[in-house]
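K.L.:
Taking the hints into account, I'd like the entire structure generated from these sequences.
In my numbering, the protein residues as written are 6 to 144.
These aren't lab readings, by the way, just hints derived from the structure by calculation.
You may find that some hints are simply not true.
Below are the DSSO-like pairs computed for lysine-lysine, each with C-alpha atoms no more than 30 Å apart in a straight line [stated by the list, open to error]:
| # | residue 1 | residue 2 |
| --- | --- | --- |
| 1 | LYS56 | LYS103 |
| 2 | LYS34 | LYS94 |
| 3 | LYS43 | LYS103 |
| 4 | LYS35 | LYS56 |
| 5 | LYS35 | LYS94 |
| 6 | LYS43 | LYS94 |
| 7 | LYS56 | LYS94 |
| 8 | LYS35 | LYS103 |
| 9 | LYS34 | LYS103 |
Now the in silico label distances, taken between C-beta atoms and shown as ranges [to be verified]:
| # | residue 1 | residue 2 | range |
| --- | --- | --- | --- |
| 10 | TRP138 | ASN52 | 17 to 27 Å |
| 11 | PRO31 | SER114 | 28 to 38 Å |
| 12 | ASN129 | CYS50 | 32 to 42 Å |
| 13 | VAL139 | LEU48 | 16 to 26 Å |
| 14 | ASN129 | LEU106 | 34 to 44 Å |
| 15 | ARG57 | ASN129 | 38 to 48 Å |
| 16 | ASP68 | PHE108 | 12 to 22 Å |
| 17 | LEU143 | ASP68 | 14 to 24 Å |
Here the structure is a predicted model, which means the values were calculated and not measured.
Cβ atoms here follow ideal geometry from the backbone N, Cα and C, with glycine treated the same way.
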Amino acid sequence: MTNFRDGAINGLSRSKAKAKPYPSGPEAKKLACNYLLKQGLRLLCRNYRTKRGEIDLIMQDADVLVFVEVRFRKTDRFGSAEESITRQKCERLQAADKAYLQFRSPDSSIAVRFDAVALSPDVNKQGGIAINWVQNFLN
6 MTNFRDGAIN GLSRSKAKAK PYPSGPEAKK LACNYLLKQG LRLLCRNYRT
56 KRGEIDLIMQ DADVLVFVEV RFRKTDRFGS AEESITRQKC ERLQAADKAY
106 LQFRSPDSSI AVRFDAVALS PDVNKQGGIA INWVQNFLN
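P.N.:
And the structure:
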């Protein structure tokens with residue numbers, strides 16, 4: 006007889022009954038952030054939101070302020086994670102960066118760049134995630 010009491014199936018909790026093969030949105034952002042921290046960047050802000058748009062990560066790389074867009078795709082069936090960054094998304098990123106700079110850093114001489122971190126399943130490693138860091142993608 007199968008036991009469904011308290012959300013358990015045969016003594017296993019539902020969360021353990023089936024493992025998640027891919028990271029959620031917040032988990033993907035955390036993976037990207039940890040990757041960039043290992044590359045020497047310093048985290049300033051996560052999920053900066055404004056009416057103009059959202060910036061996933063705001064980091065500092067030496068004297069450069071870096072606005073990071075994080076993208077994850079389970080499959081490239083509809084395009085890669087990198088290809089999913091549309092012109093409209095770029096415009097929203099640029100509008101959000103202006104709002105951030107007006108609010109946080111009135112010094113207009115600060116250098117900025119826009120990076121993307123694309124995550125996708127690693128075909129060479131079972132259950133692994135491939136990370137592609139694209140620097141200065143809005144050049």
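K.L.:
Determine for every hint whether it applies to the structure shown.
P.N.:
Here is how each hint holds up against the structure:
{"no.": "1", "hint": "LYS56 / LYS103", "verdict": "holds (12 Å)"}
{"no.": "2", "hint": "LYS34 / LYS94", "verdict": "holds (17 Å)"}
{"no.": "3", "hint": "LYS43 / LYS103", "verdict": "holds (27 Å)"}
{"no.": "4", "hint": "LYS35 / LYS56", "verdict": "holds (24 Å)"}
{"no.": "5", "hint": "LYS35 / LYS94", "verdict": "holds (20 Å)"}
{"no.": "6", "hint": "LYS43 / LYS94", "verdict": "holds (27 Å)"}
{"no.": "7", "hint": "LYS56 / LYS94", "verdict": "holds (13 Å)"}
{"no.": "8", "hint": "LYS35 / LYS103", "verdict": "holds (24 Å)"}
{"no.": "9", "hint": "LYS34 / LYS103", "verdict": "holds (22 Å)"}
{"no.": "10", "hint": "TRP138 / ASN52: 17 to 27 Å", "verdict": "holds (19 Å)"}
{"no.": "11", "hint": "PRO31 / SER114: 28 to 38 Å", "verdict": "holds (34 Å)"}
{"no.": "12", "hint": "ASN129 / CYS50: 32 to 42 Å", "verdict": "holds (33 Å)"}
{"no.": "13", "hint": "VAL139 / LEU48: 16 to 26 Å", "verdict": "holds (19 Å)"}
{"no.": "14", "hint": "ASN129 / LEU106: 34 to 44 Å", "verdict": "holds (40 Å)"}
{"no.": "15", "hint": "ARG57 / ASN129: 38 to 48 Å", "verdict": "holds (39 Å)"}
{"no.": "16", "hint": "ASP68 / PHE108: 12 to 22 Å", "verdict": "holds (20 Å)"}
{"no.": "17", "hint": "LEU143 / ASP68: 14 to 24 Å", "verdict": "holds (19 Å)"}
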